[in-house]
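**Q** Whole structure, please, built from the sequences with the hints as guidance.
Heads up: the protein sequence lines correspond to chains A and B, in order.
Just so we're aligned, residue 1 is where the first sequence starts under UniProt numbering, counting upward by one.
Just so we're aligned, residue 1 is where the second sequence starts under UniProt numbering, counting upward by one.
Incorrect hints may have been included.
DSSO-like, lysine-lysine: derived pairs with alpha carbons at most 30 Å apart [to be verified]:
| no. | chain 1 | residue 1 | chain 2 | residue 2 |
| --- | --- | --- | --- | --- |
| 1 | A | Lys552 | B | Lys634 |
| 2 | A | Lys356 | B | Lys263 |
| 3 | A | Lys634 | B | Lys552 |
| 4 | B | Lys199 | A | Lys181 |
| 5 | B | Lys209 | A | Lys181 |
| 6 | A | Lys634 | B | Lys634 |
I should point out that these hints are in silico values taken from the structure, not numbers from a laboratory.
Since this is a predicted model, take the numbers as computed values, not measurements.
Number of protein chains: 2
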Amino acid sequence: MDIQTLRTQHPDHWKKACAIRVLTLDAVAAANSGHSGMPMGMADVATVLFEKHLNFDPTVPKWPNRDRFILSAGHGSMLIYSLLHLTGYADMTLDQIRNFRQWGAITAGHPEYGHADGVETTTGPLGQGIANAVGFAMAEESLRARWGAKVMDHFTYVIAGDGCLMEGVSQEAIGIAGRHKLSRLIVLWDNNGITIDGKVSLSDITDQKARFAASGWDVFECDGHDPVDIDRAITAAKASPRPAMVACATHIALGSSAQDTSKGHGALTDAKLIADTRAAYGWDHGPFEIPADVRAAWAAIGARGRATREAWEARLATLSPAKQAEFARIFAGEAPAKLAGAIRALKKQAAADAPKLATRSASEKVLAVVNPIMPETIAGSADLTGSNNTKTADLGVFDVDNRKGRYVYWGIREHGMAAAMNGMALHGGVRPYSGTFMAFTDYARPSMRLSALMGVPVVYVMTHDSIGLGEDGPTHQPVEHLAISRATPNTLVIRPADLVEVAEAWEVALTQTSTPTVLALSRQNLPAVRKTHTAQNMVARGAYVLAEAEGKRQVILMATGSEVEIALKAREMLQAEGIGTRVVSMPSMELFAQQDEAWRKKVLPAGPVRIAIEAGVRQGWDRWLLGERGREAKADFVGMSSFGASAPYDRLFREFGITAEATVAKAKALL
Amino acid sequence: MDIQTLRTQHPDHWKKACAIRVLTLDAVAAANSGHSGMPMGMADVATVLFEKHLNFDPTVPKWPNRDRFILSAGHGSMLIYSLLHLTGYADMTLDQIRNFRQWGAITAGHPEYGHADGVETTTGPLGQGIANAVGFAMAEESLRARWGAKVMDHFTYVIAGDGCLMEGVSQEAIGIAGRHKLSRLIVLWDNNGITIDGKVSLSDITDQKARFAASGWDVFECDGHDPVDIDRAITAAKASPRPAMVACATHIALGSSAQDTSKGHGALTDAKLIADTRAAYGWDHGPFEIPADVRAAWAAIGARGRATREAWEARLATLSPAKQAEFARIFAGEAPAKLAGAIRALKKQAAADAPKLATRSASEKVLAVVNPIMPETIAGSADLTGSNNTKTADLGVFDVDNRKGRYVYWGIREHGMAAAMNGMALHGGVRPYSGTFMAFTDYARPSMRLSALMGVPVVYVMTHDSIGLGEDGPTHQPVEHLAISRATPNTLVIRPADLVEVAEAWEVALTQTSTPTVLALSRQNLPAVRKTHTAQNMVARGAYVLAEAEGKRQVILMATGSEVEIALKAREMLQAEGIGTRVVSMPSMELFAQQDEAWRKKVLPAGPVRIAIEAGVRQGWDRWLLGERGREAKADFVGMSSFGASAPYDRLFREFGITAEATVAKAKALL
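**A** Here it is in structure tokens:
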């Protein structure tokens, strides 16, 4: 539908959509950067969605049963900022719009979770939003099954562009959604045929409708500028028993001289272009000026959801007080009160039993205790269930006919899994953890970074955490992945050494509220190293003295996970030669860095020779070996400086020199 | 087709395929680990492929015009090891098979490029092989167009499993191949319906044939055990004008009690199971024993390609000596002799002009000189052509009707792009470089790791390398990505500071033969810092003294890329206070680490206070700040310890404290 027809046939709609378009033009011009074309192209679809379908209430933005709206094509951030402003989200003032992309504004270049109410997830890295949305929809299905439709019953809407659909993660997301018949998930595809480099056909000829249908989606089409047609298509999509994709035929940068071109994708800042576009729109108001009638029309849209929200609150109030408290707890992301006691009991038993276990198996033992008392956990694995040890007996399998099941067979889709976990955690009411091999964090990296950037407390159960996995060889052996995870801001990396430390690690991970955790767990069996029970969670201190030096303290050995055993052996050998040696277990550098200086100095006093032992690269260790300001100690490292190899694991440790003998030699060389 | 029918109707074929199956059983049993089911399931398809279609010659394994065979489902490594052994690759002895997955053997758990002849690429991380194959096929198309079919004219065959097809990267690969009508690419899908966790239907209901067809592939089917049907399907696939996928219906772990189960995916080591399976096969030979008639039959298959290879050599010999030398050069991956002179001339001019330029623009200027003298380069970008500055005027666009074009519009597919670059480099005859934003190295990580593990000299042009990109905000601002790249073994990271350093960086990158390079380039303009011409490539030294201290040397400032400017300003301020300050430009830590100790001590003598300045995380710097054994210097760091933010870039540098003033303050605090 062209602009003239639209203005004539749907004047009220046109003005509302136009408000989005001109706010976009004005904000991008003020910032002298940004993306104009997408909001200009999708304004009609978004207007119809917000006016006729989306359940939301700007006065209570985080109402748990709201529909979720996810702008997967996050570069078009002015679309969502305009919508939030026009519908009356209190924090999205006109000043924020004027300060688009400026320091301190909540109107970041791409929508950032936690900045503005109504932004459900951080988008911009393409494909993430659509994959998050799968997690949102799964969380909704799970909660609806377990709490009933009167408490949880909503849709998740996504606006996705060609970029989102070209990224591989979108295929993983489409596959998961199709398999699980997530009928409350609706993707509105901004089918404008343009990418940054030019026409989509420069790089892709995929029939997207056929592609979605191939994975079990229902597919609809509409003229993305005709409000009646848009409404019809969304209505049909909502009625579909499968996830639905609506191909919205749109014109990028509608009405400007850059319409239907890649120039229109970016920042349209030329004054004449903007003036001409306003004229084409018949919009004769000044920059950032929204006439009263349009404001009122949008305000009415914003007010639409209040009654629905209040009705939901009334329904929630009919639950028993205990149920209401539980609902509040899981949406607040608080661990249950009994978690601490359960972990303590498990630790006590573990210290007494001192089992020889792979830490991945230890993790399963802890989860067997945790899952029954934390019904909010949703678990899974990227097709490595038996290897990641993430499935406990009580969980049940999440499936089309068992939405109460809490275990997800993600398939061979690490990236989609991580993105969906982010979506689940952002939805609230569930606490996701899932696993793959540590080396394949690579596949999930873009979403793991977003976990950290958004501060969502998901748990990545990364097993097979070193050359200790043995024969599968270097493709499967992480070497740099601990360093990679540690290099990422706001990421908690924990590499526990035995069952006691694993229990402590899980307690730390499950009580996080704004930080994701990477648990690095061994494939191979490890001896117990914590055989004396302490009520205190020592992993929470990041590092602690596991074995004190006898006699004069000349050497401090630091290690994590499977290498703590080596440190203890090396200590025995050094002590036998009269060299006083302390062993520090350092399951988490991040937690250690958060301790006060007194603790850090107590654990790592300046002076003694320091050797760190970890079957990964050295990068990241120097801070603790050498001291942040330097000159604290002579130091050396026992670990990897190359990729691994395929062989039985004990042979690999020997060949790569990660042994007690090598540790002793390096320590003595520095004494 | 069941075993009994197969044995009866195709006894000769059956015995050949059986040899693969029993070698697999025997090797996995000996290793007590590995994956039996896939080779047992795909033995018939592979036998027909090698017997009837694949052009190869075990006596000259790297013959450039051979067909390429890629086992994307790399866990089934015994399939390819068996094939290589049976067809007569000299290095693949029976002892190597007996030593499957043992230290020092070329029969690693997953096929490793560079270990065994005939292994064209490292596979195991799923989806990589099929995505590599796209690059192989593109290289073939490009070379065929430019050198003629008499020199280059071959197919690329892939065996892919459900895991490969579930990984998102496969969608990117399928999209690229479909768009470019890569008709010489044939994917044989091992459609066995089983993954590690159970049936494929646990996690996926995708109609793979429809999915491939949606992206422009031709799709075929066959009974993956019936040699006649397999032959028919492959023959049809070869004749197709589009890339072809053959859905091969197979039984995982055929003939064993684990057939058609997820148990069959892994290591079948039970003695009774193996004995029963041998009996079902009618194979009454001992472990690792191949009867003479079967050996002879396979030897004949191995001998099949010799004449074809010799005919090709004869055709190649008809080229002019200069052409032959050029062909040899590009397949050896050697830079042309005139590269050095061209770079030197450019550097001289740049030192004289001292332009203020973003290093991404500087890179384009260098490429404008390089590309005309290196016809083997193939360039591209993941839909950021104008931002990555990877396209120079002379390249032309690689397209269906212009296979000579050397610029690829990869689309929004960083992962597929990186994997295809690996494939191109492995194919030989072309030297790929391509770009995206530095932050989106995350998307390409699994393939970038494989570049390093395989040692393929691709070049990643990663622009927008810090918060210096400004308003796009934290999703687009790399913070940890330099550390991530540096943590990866065998990866050269270069972050040049101006046009001269960019020219030197490209010379280093383009003369690598077994190491990939990550070029980190700025979005923002930077002043020239190398204004005096030196013939020597200083970037190749890793770090060097850019500005010497005047008076007593009390401080050494180290910086890379855009922060060298800040170091120079801080030096001025410190010198003004009488504090002698050296500035070290350190474009590459890896290259610096490779220098002899004399150079390293000359550049970084012990004693003076050291401050490093880089708009990324500190991880990786401590080695140079503190000395590897510690105690070399007091030191501090000016950089990032959190994610970035959305604002103009100068504001960001100020807000995050990456300034000359902050540098001076930190230096003085340590003096």
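**Q** Hint by hint, say whether it matches the structure.
**A** Consistency of the hints with the structure:
This hinted pair checks out: Lys552(A) and Lys634(B) have alpha carbons roughly 27 Å apart, not beyond 30 Å. The hinted pair formed by Lys356(A) and Lys263(B) meets the criterion: a straight-line CA distance of about 26 Å does not exceed 30 Å. The suggested pairing of Lys634(A) with Lys552(B) holds, with an alpha-carbon distance near 27 Å, which does not exceed 30 Å. A C-alpha spacing of about 18 Å is found between Lys199(B) and Lys181(A), which places the hinted pair at or below 30 Å, so the restraint holds.
Distance check on the hinted pair: Lys209(B) and Lys181(A) sit about 20 Å apart at the alpha-carbon level, within 30 Å; holds. Restraint check: the Cα-Cα separation between Lys634(A) and Lys634(B) comes to about 14 Å, which is no more than 30 Å; the hinted pair holds.
Hint violations for this structure: none, all hints satisfied.
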